[in-house]
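J.: For the record, the sequence lines run as chains A and B. With the first letter of the first sequence counted as 1, position 54 gets the number 54 in UniProt numbering; the numbers rise by one all the way through. With the first letter of the second sequence counted as 1, position 245 gets the number 245 in UniProt numbering; the numbers rise by one all the way through.
Treat the hints with care, as some may be off.
Said to hold, decoys possible - In silico EDC-like pairs for lysine to aspartate or glutamate, Cα to Cα no more than 16 Å straight-line: (1) 122/A <-> 95/A; (2) 164/B <-> 193/B; (3) 190/A <-> 351/B; (4) 190/A <-> 350/B; (5) 306/A <-> 282/A; (6) 122/A <-> 96/A; (7) 163/B <-> 130/A; (8) 122/A <-> 109/A; (9) 160/B <-> 87/B; (10) 160/B <-> 365/A; (11) 160/B <-> 256/B; (12) 331/A <-> 385/A.
Since the hints were made in silico from the structure, they are not lab data. Note that the coordinates shown come from a computational prediction; the quantities given were computed from them, not determined experimentally.
So the chains spell out like this:
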Amino acid sequence: MAAIVQGIGATAAPSASSNKFLLSSLGSSLLEKKRNFFVVRSDGKCYTGLNQQQRRAQNVVTNAVATKEEKASAAVGSKPGHELLLFEALREGLEEEMDRDPCVCVMGEDVGHYGGSYKVTKGLAEKYGDLRVLDTPIAENSFTGMGIGAAMTGLRPIVEGMNMGFLLLAFNQISNNCGMLHYTSGGQFKIPIVIRGPGGVGRQLGAEHSQRLESYFQSIPGIQMVACSTAYNAKGLMKAAIRSDNPVILFEHVLLYNLKERIPDEEYVLNLEEAEMVRPGEHVTILTYSRMRYHVMQAAKTLVNKGYDPEVIDIRSLKPFDLYTIGNSVKKTHRVLIVEECMRTGGIGASLTAAINENFHDHLDAPIVCLSSQDVPTPYAGTLEEWTLVQPAQIVAAVEQLCL
Amino acid sequence: MNFTSESSGKRIPCFRVLDDNGYPIAGSIFEQVNKEVAVRMYSGMVTLQIMDTILYETQRQGRISFYLTSTGEEAINLASAAALSPDDVVLPQYREPGVLLWRGFTLQEFANQCFGNKADYGKGRQMPIHYGSQKHNYFTVSSPIATQLPQAAGVAYSLKMDKKDACVVTYMGDGGTSEGDFHAALNFAAVMEVPVIFICRNNGWAISTPITEQFRSDGVVVRGQAYGIRSIRVDGNDALAVYNSVRTARQTAINEQRPILIEALTYRVGHHSTSDDSTKYRAVDEIEHWKTAQNPVSRFRKWVQGNGWWTDEDESEFRSNIRKQLMEAIQLAARKEKPPIANLFTDVYEENPPNLVEQERSLGETIKKHPQDYPSDVPL
Chain A
1 MAAIVQGIGA TAAPSASSNK FLLSSLGSSL LEKKRNFFVV RSDGKCYTGL
51 NQQQRRAQNV VTNAVATKEE KASAAVGSKP GHELLLFEAL REGLEEEMDR
101 DPCVCVMGED VGHYGGSYKV TKGLAEKYGD LRVLDTPIAE NSFTGMGIGA
151 AMTGLRPIVE GMNMGFLLLA FNQISNNCGM LHYTSGGQFK IPIVIRGPGG
201 VGRQLGAEHS QRLESYFQSI PGIQMVACST AYNAKGLMKA AIRSDNPVIL
251 FEHVLLYNLK ERIPDEEYVL NLEEAEMVRP GEHVTILTYS RMRYHVMQAA
301 KTLVNKGYDP EVIDIRSLKP FDLYTIGNSV KKTHRVLIVE ECMRTGGIGA
351 SLTAAINENF HDHLDAPIVC LSSQDVPTPY AGTLEEWTLV QPAQIVAAVE
401 QLCL
Chain B
1 MNFTSESSGK RIPCFRVLDD NGYPIAGSIF EQVNKEVAVR MYSGMVTLQI
51 MDTILYETQR QGRISFYLTS TGEEAINLAS AAALSPDDVV LPQYREPGVL
101 LWRGFTLQEF ANQCFGNKAD YGKGRQMPIH YGSQKHNYFT VSSPIATQLP
151 QAAGVAYSLK MDKKDACVVT YMGDGGTSEG DFHAALNFAA VMEVPVIFIC
201 RNNGWAISTP ITEQFRSDGV VVRGQAYGIR SIRVDGNDAL AVYNSVRTAR
251 QTAINEQRPI LIEALTYRVG HHSTSDDSTK YRAVDEIEHW KTAQNPVSRF
301 RKWVQGNGWW TDEDESEFRS NIRKQLMEAI QLAARKEKPP IANLFTDVYE
351 ENPPNLVEQE RSLGETIKKH PQDYPSDVPL
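For reference, chain A alone in the conformation it holds in the complex (with noise of 0.2 Å):
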C-alpha cells in the first residue's frame, strides 16, 4: 500500500514563506510507483522526477499540518490555494481521478443527474456521461456486489452510498466478496474499489440514518478503512483511495460536508495509513477522527486556557491504525484519551484501547480513557441526541482526570 504523492516545485528549501500545507512524510515506506513526480519526505529532502506540474506552484512542502490556529498567520505575500467546502474537495478529487484515469467510474443512487444526495458529484455526470457517473436502482447489496464485479474486471469504480448506515444492506458483498476475492482467488483478482458516503450522527435524522459503520466493518479482513475531517484531507483522501488497489471504506460526516477551507492548488494525495497531527502538545495525546476532531479542538481551547498542553492527533486511518505517530505520541505524553463517535461496545476506539495497551504497555502512566457515545440507538429528540455524543465539557473533564 505504498502512498503515491506528487509533490512539485523547486528543490529550494521551505524559506520565509511558511506555507504549511502537508504533503507527505512517508514514514517508514518509500515510494516505488513508477510515475514522475516528486517525493518530499518529511525532512524536506526531494527526489527528482519531472512533471508538469513542476512548473506551477513553486512551494515545496514539508511535513506540518495545516493547522487552523497557524494558518492565519502563515501565507504572508503568497497565494495559499483556493477556498472550498469539504463536499466540494471531495468533488474535486474525484474530478481530478476521473481526468486521470478513465477507469474510474461512479455509481450510487442520485449520483447522476440529481448530483448525489449531498452534491459531491454534481456535474460529473453532464461531464463524463451517464454510464460512467451511474444511477442505479435501489439495492445496495446489488450495486455494491456490480462494483466488485466491475472492480474485477479492471474498472475502478467509487460506490456512494446515500447514508452509511444503508450500507449495512451491502455487508455480505463488503465482507464476503470485496474483502475476500482477492485473497481466495489466490490473487489473481483485484479489486480496487472506494465504497463511500456520508455516516454518523446528524442534526435529528433518527437511529437508523446515524450509524456509525466502522465499528461494524472494522474486523473485515482485506479492507482498508479512511475517515476525512477536513475539506484539505477530504481530496487528498479520496484521491489515495481512488489509486490504491486494495478496497478502501472513506468515512465521511453529514455534518463537516460544509466545512469552509483553503487548500493548495496543486495536485496532493495523501497518505491513506497516516495519521494527522492536529495540534502538537506534551502533557496528554488526544486521539480522534471525523467530527468529533472539532469537539477536541473546542475544548483543546479550554484546556490551554487551563494551562494544559494536549497533543491532538486526527488518526484517520481507522483500518490499519497509525500505531507509528500514536506510539511517539504515546512515548512523549504517557497519557492517551480517546474521543470518538462510535459506541463504546465494539467501536474504533475499543479496537485502538486495545491496540495502544498491547504495544505501549510501559509508557503509560495511567489506563487509557476512551469517551465514546453510549450503547443506544440515536435518539431523534435534539436534547437527547446532543448527549450521546462525546461534549467539548466532558473532554475538558476528562482532560483534567488524566492529568491529576
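Fit chain B to the known structure of chain A by using the hints.
T.: Just chain B, lined up with the frame of chain A:
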C-alpha cells in the same frame, strides 16, 4: 376492473431439438454443430462425468474434504461453454466446472485445487470445487448464493464501457432465484442495458427444497418479462438446444446490448454435495429415472453416434484413458507440497500493513519455539 391472474394458465413452452432418443424433432430449427465441436462437447461431458465420480469417491475416502457433482447437468455445462467465445467472462455459482473444462482447465489443475496444494491457483485458500482462473476468464467461485449475479451486471457494465465484443455469462440454480441479489441484478442489467446472459439451471432441488416450495410462478422464465428481459425456456438435458439458445443469446446480448435470461430445465441427479444424502428427502426411483432414462450424456451420445462420429470402441477407450489420467493427476496432486505458511498473509492487501507484518512475525516465532507441534510436510 381487471386483475391479471397469478398464472397465465398455459406454461411457457420449452425449446428442444433432440427427442429422448437423440433424434432431431421434426420441424425443429437449429444450427448444426460440426463433428469437431460435437465430439469435443461429448467428450467433455464424459470427462465431467468421470471427474465427478472419481473425485466424489476421493472425498468419501477422506482424501479431500469436500466435493459436489454436476451429475445430470453435463449438457448445460458443456453445451453453454461451447457456444461462448474465450473472451466472454463467466461468473459461476459452483455447479459449472464443465465450463472451465471446455476452456482448457486440465485434470491436473482441477485436482490441484481440490487438494489445495502449492500449484493451486487459489493458493489453497478456498474449499474444493471453488475453482477460479483469470486466464480462462472464469471468476473464482464464492460460496454464498447469488452474490455473483450483481457482480455479473457489473462486469457487463465494464465490458460495455470498453465496448468489447464479448458478453458475460452467469449461472445460478432455481434456489438462487429467490435471493434478493437475483432480483436486483436482473433489474440493473435491464436498466443499464448491458450484455449479460443469466442462465438458471433449474434442476428441481435446492438441497432439500423442491421447486414447488421455492416459488409459485411458472418457473424462472416468466420472471424475465417482469424486468423487461428477453427470456427463453430450454431443455437443459438437450445439448443441442442449450448450444443453440446460448449462441443466439450471445449474439443478441452483444449486438443489442441487452440482458437475456435462459431457464434450462434439468435434474440434479447427485446429492447437493458430499455433506448431503438426498435419499432422505426424495424417492430413490425418481433419482434412478433421471439417471437413466433422462440422461443428457447418453442422449447426446445417441445423436453423435447416429452421425457416425463416435463408436462404442471410442467410448470405452476414451473412458479408460480419462480414468487413468485422472487417477495419475490425483496421485500427483496428493503428493505435491502444500502451500507455504507465508501464503497465510499474502494477497490480503496489495502489501501487508504493519499489523499483518507483526502477526506474521509472531507466528514465525511461535513455530520456531515449538517445532515439534508444526507439521513436517508444510513448508514455511
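J.: Look at each hint and say if it fits the structure.
T.: Structure-based check of all given hints:
1. 122/A <-> 95/A: holds, 10 Å
2. 164/B <-> 193/B: holds, 14 Å
3. 190/A <-> 351/B: The given pair, whose Cα atoms are some 12 Å apart, holds under the 16 Å limit.
4. 190/A <-> 350/B: holds, 9 Å
5. 306/A <-> 282/A: Roughly 14 Å separates the two Cα atoms, so the pair holds.
6. 122/A <-> 96/A: The hint holds at about 14 Å.
7. 163/B <-> 130/A: holds, 15 Å
8. 122/A <-> 109/A: holds, 13 Å
9. 160/B <-> 87/B: holds, 13 Å
10. 160/B <-> 365/A: Given pair residue 160/B, residue 365/A is violated - Cα atoms ~60 Å apart, limit 16 Å.
11. 160/B <-> 256/B: holds, 11 Å
12. 331/A <-> 385/A: violated, 36 Å
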